[in-house]
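Based on the hints, put chains B and C in the right spot on chain A.
Each chain, letter by letter, is given below.
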Amino acid sequence: MTIRPPEPRQAEAAAPLAATESDENAWRRHHLLDLDDFSVDELDLVLSTAGAMKEVLSREVPRVPALRGTTIVTLFYENSTRTRASFELAGKVLGADVINVSASGSSVTKGESLIDTVKTLQAVGADVIVMRHNRSGAPYLAARHADCSIVNAGDGLHAHPTQALLDLLTIRNSIGDVRGKRVVIVGDVLHSRVARSNLWSLTALGADVVVCAPPTLLPARLGDAREGDLPPVRVETDLDRAIEGADVVMALRMQFERMQGGFVPGMREYSRLYQVNAKRLARAKPGALVLHPGPMNEGVEISHEVAHGLQSRVEEQVTNGVAVRMAVLWLITRTASRGGRGAAKAAL
Amino acid sequence: MSERIIIRGGHVIDPATSRELDANVLIEDGRITAVEGGIAASGAREVDARGLVVAPGFVDLHTHLRDPGLEYKEDIESGTRAAARGGFTTVCAMPNTEPAMDTRSVVEYVLREAAARASVRVLPIGAVSKGRAGKELAELGDLAAAGCVAFSDDGAPVYDATLMRRALEYAAAFDLPIIDHCEDSSLAHDAVMHEGWVSTRLGLRGAPAAAEDAAVMRDIALAEATGAHVHIAHVSTRGAVDAVRRAKARGLRVTAEVTPHHLTLTDETVAFGALGGGDLLYDTNAKVNPPLRTQDDVDACAAGLADGTIDCVATDHAPHALIEKLCEFDEAAFGISGLETAFGLCMRRVHGGAIPLAALIERMTAGPVRALGLDRHVPGIGTLAVGAPADVVLLDPDLEWVVDPARFASKGTNTPLAGVTLRGAVVCTIAAGRVVHESEVAVG
Amino acid sequence: MRDAAVMSPADIRRAVVRIAHEIVEHNRGTQDLVFVGMLTRGVPLAQRIAAAIAEFEGEQVPVGTLDVGLYRDDLPERGPSVNIQPSDMPDIGGKRVVLCDDVLYTGRTVRAALDALIDYGRPASIQLAVLVDRGHRELPIRADFVGKNIPTSRSDDVQVRLDETDGEEYVRVAAAEEAEALR
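Residue numbers (the working numbering), protein chains in the order written: chain A, 3 to 350; chain B, 28 to 471; chain C, 20 to 202.
If we strip away everything but chain A, and leave its shape as in the complex, we get (with noise of 0.2 Å):
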């Protein structure tokens, strides 16, 4: 039961109206396949909007029409049950038929192109399909020759843009604002895609942030800030050093199917100087925020403590990832609903 005080509350009213008369040039993405070129403005309406999705999975019926009548595919040519129930979840709230399809790995060989695989269920009627792939780029590819709208749930080693989105999400819901809070992501960043585009939104943000892994699972030239267009961040192979002070910490899985062997020595001794544990724990911020994208090895990157403990906001990002697949279908979906496809297309 809610009771409002008769008074007018200016501030919070006057912040929607103005959001909703000038919001034309708000969202323009008939794709979204990294957070490199995101403004702030576009990172805020995702996580505005995600917001008001919590809302409506927090109703008794947890279901809106909005996206009535579209279809959306999910294509995952990689297994994932996380990710992929929370696209179908997200879909399904919004009231669009959902289709899961699984394509097997490598395209040319084993069968459909994956430019045909698109181009097949477009046909079909997808309006959206959401993609995870092994291979860094499939997404692009797909972009270029769909017209309906490509969502990337995962490419290769190179971004899975919608895990950095609901990361954001939570760090703003504990922490508030980011910019100036160092955020350090420790781990096998070399072969994490969630790491990288992770670093593309929390720097476009202004926070602080350290990447810390062994020297052979660091991806070349990062935080080399002669060289190229890479995000501005700092390196450190201490996570002593790295996690003084931080406001979150952010463990990432330390991938043994990925690893061709020989990155590390071995388990004990990875655990051993980059495990995320409560001895480490207490050198960060009291209260500092500890994430994870999941599934997590307990006892290797993170420690069983640490998972479940009080800092831990792993089970919130599996929520509101929920939430930002949603925010992310419907802002995709609005390109298509201004004029159609090819209109979306010319817009962007």
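The hints are simulated quantities; they were obtained by calculation from the structure and are not laboratory data.
Don't be surprised by glycine CBs; every beta carbon is placed ideally from N, CA and C.
Be aware that one or more of the hints could be misleading.
If you want the ones that stay clear, here's a sample from chain A, every Cβ over 10 Å from chain B, calculated [what the hints assert, rightly or not]:
hint	residue
1	Leu35
2	Arg61
3	Arg65
4	Thr73
5	Thr83
6	Lys94
7	Thr122
8	Ala125
9	Arg174
10	Leu232
11	Phe258
12	Ala280
13	Val316
To list a few chain A residues with every Cβ distance to chain C over 10 Å, as calculated [as the list claims (entries may be wrong)]:
hint	residue
14	Asp38
15	Val42
16	Met55
17	Asn102
18	Lys121
19	Gln124
20	Arg146
21	Gly178
22	Arg274
23	Gly289
24	Glu307
25	Ala309
Just a few of them, taken from the derived set where beta-carbon distance is under 7 Å, the chain A residues facing chain C [said to hold, decoys possible]:
hint	residue
26	Thr51
27	Ala54
28	Val63
29	Gly71
Showing chains B and C alone in chain A's frame:
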């Protein structure tokens, strides 16, 4: 039979004979019979070369004709037509065909096909090892007798140092070089591009420059140890250029080549395409081995070509079918279809001041001939001397044209240069006294 | 030529008070009443009506907010907005809901609001209070309580401004060309 041709009014540049002059060129019976000012030559076919440069036909030490076995990518007929359009009157065919050119019979097939269907001269390069598997030496002696001008396992490096040493020693008996694709496979494991900030940006596995440098230095050491001749294929790093320079200074028998794309394009082409722009393209047409590297490496290669450390330009023409490039970057085949854009792309370095035009022409004619000693197989090749084979190319160094792969004679349209404007074009190509290519003005 | 201000601040205040009285009269008291203000300007309207009732009846009526962004199809009067806000709804099961909005036009926004309300629960009844009814209904929807009926042509732009949302207070009708110039 062969017609008489008189090329009039052009500016002749013949680096092999150190001649550069305004002169006419007379061709009779497939040979150059005069290069001088006034030639009467009535009844000869007139070729108007006014405003153009007249040079010896280009010689490419590194072409993949894909024939036998991979004709869906290219064959001897289409590949040599592409060579002609690019101004090349001689191409050396790499042995990574199917079956590989590791026995006399495959070499003879290639030579027969070339005699029947090729627009230009084809010189075979034999495999170093049986099946190019890198384990046992192929019958180098028989291959030499069949007409091979060098040996290589290209596509692949000669990974095993002992095999490379034996190959160098053995081939020396026939006075033929080993051409090595210098790549340390263990360092370059799974790599699809150069390791640098661009590979990080794209999330693609990269090979460090050290993978090439280490292999080049190993081959130089072996050349020194054996006293034999090693030719370094497609140099692409500053480290490799420096190593070759040091080796030459010490008098070792090391020669080297560089591709037009390694002289001009960087790893950013993979990310953003040759036309540039903000969007990530993951351009598979820029996927090549050795990979496109940094601006510093590109500049080092250009400087190396200019100062003679690198003996010649070689295209590494590597045509592929469309389906092999229209896929995820990791899955795409390596290679650029480069015969028809070679001159125009190299001209970027001439117009940019890195190398004079005459020197570039040397690196595309006398240079390659000297590097592999090809005039032992074809006397007079790569020069406009009187009596030499009538292999001539007419060039317009300033003509601008837009690269359109749909017009390529090659079956391979895999070039990152689609839509790019190049300045410098091949206007006419004459091979063995026959006109094998004539372009329309303003059409590449 | 239309009069610049169709409703002055005083007109608005009087309309709000009258509507408040009408609601209480029609519902014979405030029992089980819930106001739902439609974002954006329906919210201050609902709050003012509740404030007026609190003053003359001494009763607090709960006020919720509703964003129908996820329920509507293309609504010409709202434009292709991508912005949605969290709704903040009290329990409406068995209640008498009074939907409040600034302008009633085609009726499509109200239809979307009805869909939304049903998803929140099963109200005993739903009534509609609007500050301005400008005509041109496209659906069989009518307002129970109206501040002012203003006949308009389709090309007119009805502008409602409230202190809480805009910092100024008026209702104005701009003819099409004038509306363009003001943009």
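Results for each hint:
{"no.": "1", "hint": "Leu35", "in the structure": "8 Å, violated"}
{"no.": "2", "hint": "Arg61", "in the structure": "39 Å, holds"}
{"no.": "3", "hint": "Arg65", "in the structure": "37 Å, holds"}
{"no.": "4", "hint": "Thr73", "in the structure": "24 Å, holds"}
{"no.": "5", "hint": "Thr83", "in the structure": "23 Å, holds"}
{"no.": "6", "hint": "Lys94", "in the structure": "30 Å, holds"}
{"no.": "7", "hint": "Thr122", "in the structure": "16 Å, holds"}
{"no.": "8", "hint": "Ala125", "in the structure": "18 Å, holds"}
{"no.": "9", "hint": "Arg174", "in the structure": "26 Å, holds"}
{"no.": "10", "hint": "Leu232", "in the structure": "6 Å, violated"}
{"no.": "11", "hint": "Phe258", "in the structure": "17 Å, holds"}
{"no.": "12", "hint": "Ala280", "in the structure": "33 Å, holds"}
{"no.": "13", "hint": "Val316", "in the structure": "25 Å, holds"}
{"no.": "14", "hint": "Asp38", "in the structure": "21 Å, holds"}
{"no.": "15", "hint": "Val42", "in the structure": "16 Å, holds"}
{"no.": "16", "hint": "Met55", "in the structure": "8 Å, violated"}
{"no.": "17", "hint": "Asn102", "in the structure": "23 Å, holds"}
{"no.": "18", "hint": "Lys121", "in the structure": "28 Å, holds"}
{"no.": "19", "hint": "Gln124", "in the structure": "23 Å, holds"}
{"no.": "20", "hint": "Arg146", "in the structure": "25 Å, holds"}
{"no.": "21", "hint": "Gly178", "in the structure": "17 Å, holds"}
{"no.": "22", "hint": "Arg274", "in the structure": "45 Å, holds"}
{"no.": "23", "hint": "Gly289", "in the structure": "26 Å, holds"}
{"no.": "24", "hint": "Glu307", "in the structure": "35 Å, holds"}
{"no.": "25", "hint": "Ala309", "in the structure": "30 Å, holds"}
{"no.": "26", "hint": "Thr51", "in the structure": "6 Å, holds"}
{"no.": "27", "hint": "Ala54", "in the structure": "4 Å, holds"}
{"no.": "28", "hint": "Val63", "in the structure": "5 Å, holds"}
{"no.": "29", "hint": "Gly71", "in the structure": "10 Å, violated"}
Hints 1, 10, 16, 29 from the list above are not met by this structure, while the remaining hints are.
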